[in-house]
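Below are the chains, spelled out letter by letter.
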Amino acid sequence: MLMSKRAAPAADNRPKLKETLVSLSNAGIRRDGRWLVRGVEFDIARGEVVTLIGPNGAGKSTTAKMAIGVLKADEGSVTRKRDLRIGYVPQKLAIDWTMPLSVRRLMTLTGPLKEAEIAAALEATGISHLADSEVRHLSGGEFQRALLARAIARKPDLMVLDEPVQGVDFAGEAALYDLIRTIRNATGCGILMISHDLHMVMAGTDTVICLNGHVCCRGTPEVVSQSSDYMKLFGGNARSLAVYNHHHDHTHLPDGRVRHADGSITEHCHPEDGHHHDHSDHDHGHDHPQDHAHHHDTQKGEGTRHA
Amino acid sequence: MLDDFFIRALIAGIGVALTAGPLGCFVVWRRMAYFGDTMAHSALLGVALSLFFEVNLLIAVFGVAILVSAVLLLLQRRQSLSADALLGILSHSALAIGLVLVAFMTWVRIDLIAFLFGDILAVTPSDIALIWVGGAVVVAAIVYLWRPLVASTVSEDVAEAEGMNPARTKLFFMLLMALVIAIAMKIVGIMLITSLLIIPAATARRFSASPEWMAVFASLIGSAAVVGGLFGSLTYDTPSGPSIVVAALLLFILSLIPAFGRTTAERPANKGVQG
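Chains G and R are the protein sequences, given in the same order. The first sequence: position 80 = 80 (my numbering), numbered continuously. The second sequence: position 187 = 1187 (my numbering), numbered continuously.
In short, the hints are calculated from the structure, not lab data. Quick caveat, the model's predicted, so the values are computed rather than measured. Glycine included, each C-beta is placed from N, C-alpha and C at the ideal position. You may find that some hints are simply not true.
[What the hints assert, rightly or not] Quick look at which bits of chain R chain G covers, simulated, 3 or more residues with Cβ under 8 Å:
| no. | segment |
| --- | --- |
| 1 | 1026 to 1038 |
| 2 | 1106 to 1117 |
| 3 | 1180 to 1192 |
| 4 | 1214 to 1227 |
[To be verified] Some chain R residues well away from chain G (every beta-carbon gap over 12 Å; in silico):
| no. | residue |
| --- | --- |
| 5 | Ile-1007 |
| 6 | Phe-1053 |
| 7 | Gly-1063 |
| 8 | Val-1071 |
| 9 | Leu-1121 |
| 10 | Thr-1124 |
| 11 | Asp-1127 |
| 12 | Trp-1132 |
| 13 | Ala-1136 |
| 14 | Leu-1251 |
Make the full structure from the sequences, and use the hints.
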């Protein structure tokens, strides 16, 4: 209902022939009375690379899962093109060692593929020699390549890559980002990417969306990297992102910018993102989401102490 | 030496083992050993209810197993207790309630030991028909659902994102588990059903290069355990259900000897038992 209304103007704004694959409109996910993300609004067109950046627990993975339908939006709407073929590389994938799964078998996990398609995807990601290895014997970087190969081999309309190069060495990282770009150019698929490697990602991205519980800023990489929100979030220094994120979480709340109309406060740590292990105060917030005032004060107090 | 009852026992036991093999692989991969145990233990509650309300035994056992698994899934979603503790509570409560109910019904005489540990040597031809028809249904369903079952075992998110329906797959899996428990109860007994699911699958792991082969090997190894156990039972006059499990265990131990395939050194430490 809402969806068709939304799709039409979005298509008008774009150059012709660029079909909208996914469209999020004021979309939000709520868990235990808390908004993990809210008011998320963006489209992904065929051939477009959209990158989500933001501190740990900003809701990047949650947003990606919402875009592809793994999580249902509790507010707003998410529209996907009919029969949209998705290739998904999740942030985490734990395969029980008791399952004998070779790289080749992993390729056909969700659908059959021709032998040549499998070979081409493994070749492109540089792991042809590992085709018959069991996935549990792969290194972190090799496993990421295998997951990427699997997503590519499906020839999807939309690839969703949640930190696709984690654990890949520096040289390999650049090569894989090149590969992702090449695939986009060759197949014209849309790409939704989540990344921490800002410098690396920026170059190959059409639209950057900076998330922190809500969309802080968006635009082309040039626009975003000069926006004040972006500077506040990342301090212009991608490599020390984690440090900045921590301080940011303490200062962001008292700003009131992530406090929502209904009085809820957007938290910066969700289990989905899995980065919250060292933030004991955040875990506390998870257990008692209704205890906002107390939580708020605790954070403020800690922030002061650190300062 | 090969009496009629023994042949019947063999046919029934092999039927159960062939069915349990593929399903057991999923129980192992999804770390649902304790979950399966809980469903199996609830079978005694099903037995008691079937006697009390005079309904068909299989239907009652199947229904109660479904109900218990639904309750488990609901309680797990609320996350008030760890899955482990919940399983412990439900597993033993279901068994205890079943035992108490049976004890209350003084007007019925049932062979409790036969229900708990199986009575394969009293298998009737109609039991055999039931096992093979039910087993064929289960195997056909697993073959049909194979790709979504494997995919959602690896990652529910990926399966969902790429057009599958892992919630529905899980529901079918539960139904199949309940069906296997209902038809296997008479053969190996309530207490030992999960061992026939898990031990052959765990034994097959070493020799299997793919999930598909592991399912096939688990069926074959389970059948071998049935044959070995029944011969042992006949020879040494031991109860049939436990004998089959002991035979399965011997095959498992045999599979751990490094000479029979790849070494186990590459295996990472198991991260504890989970439901």
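Quick rundown of the hints versus the structure:
1. 1026 to 1038: holds (count 4)
2. 1106 to 1117: violated (count 0)
3. 1180 to 1192: violated (count 0)
4. 1214 to 1227: violated (count 1)
5. Ile-1007: 35 Å, holds
6. Phe-1053: At roughly 40 Å from the nearest Cβ of chain G, Phe-1053(R) sits farther out than 12 Å, so the non-interface label holds.
7. Gly-1063: 30 Å, holds
8. Val-1071: The assertion about Val-1071(R) holds, with a minimum of 22 Å to chain G.
9. Leu-1121: 33 Å, holds
10. Thr-1124: 37 Å, holds
11. Asp-1127: 32 Å, holds
12. Trp-1132: 28 Å, holds
13. Ala-1136: 25 Å, holds
14. Leu-1251: Given a closest Cβ separation of 17 Å, the condition holds.
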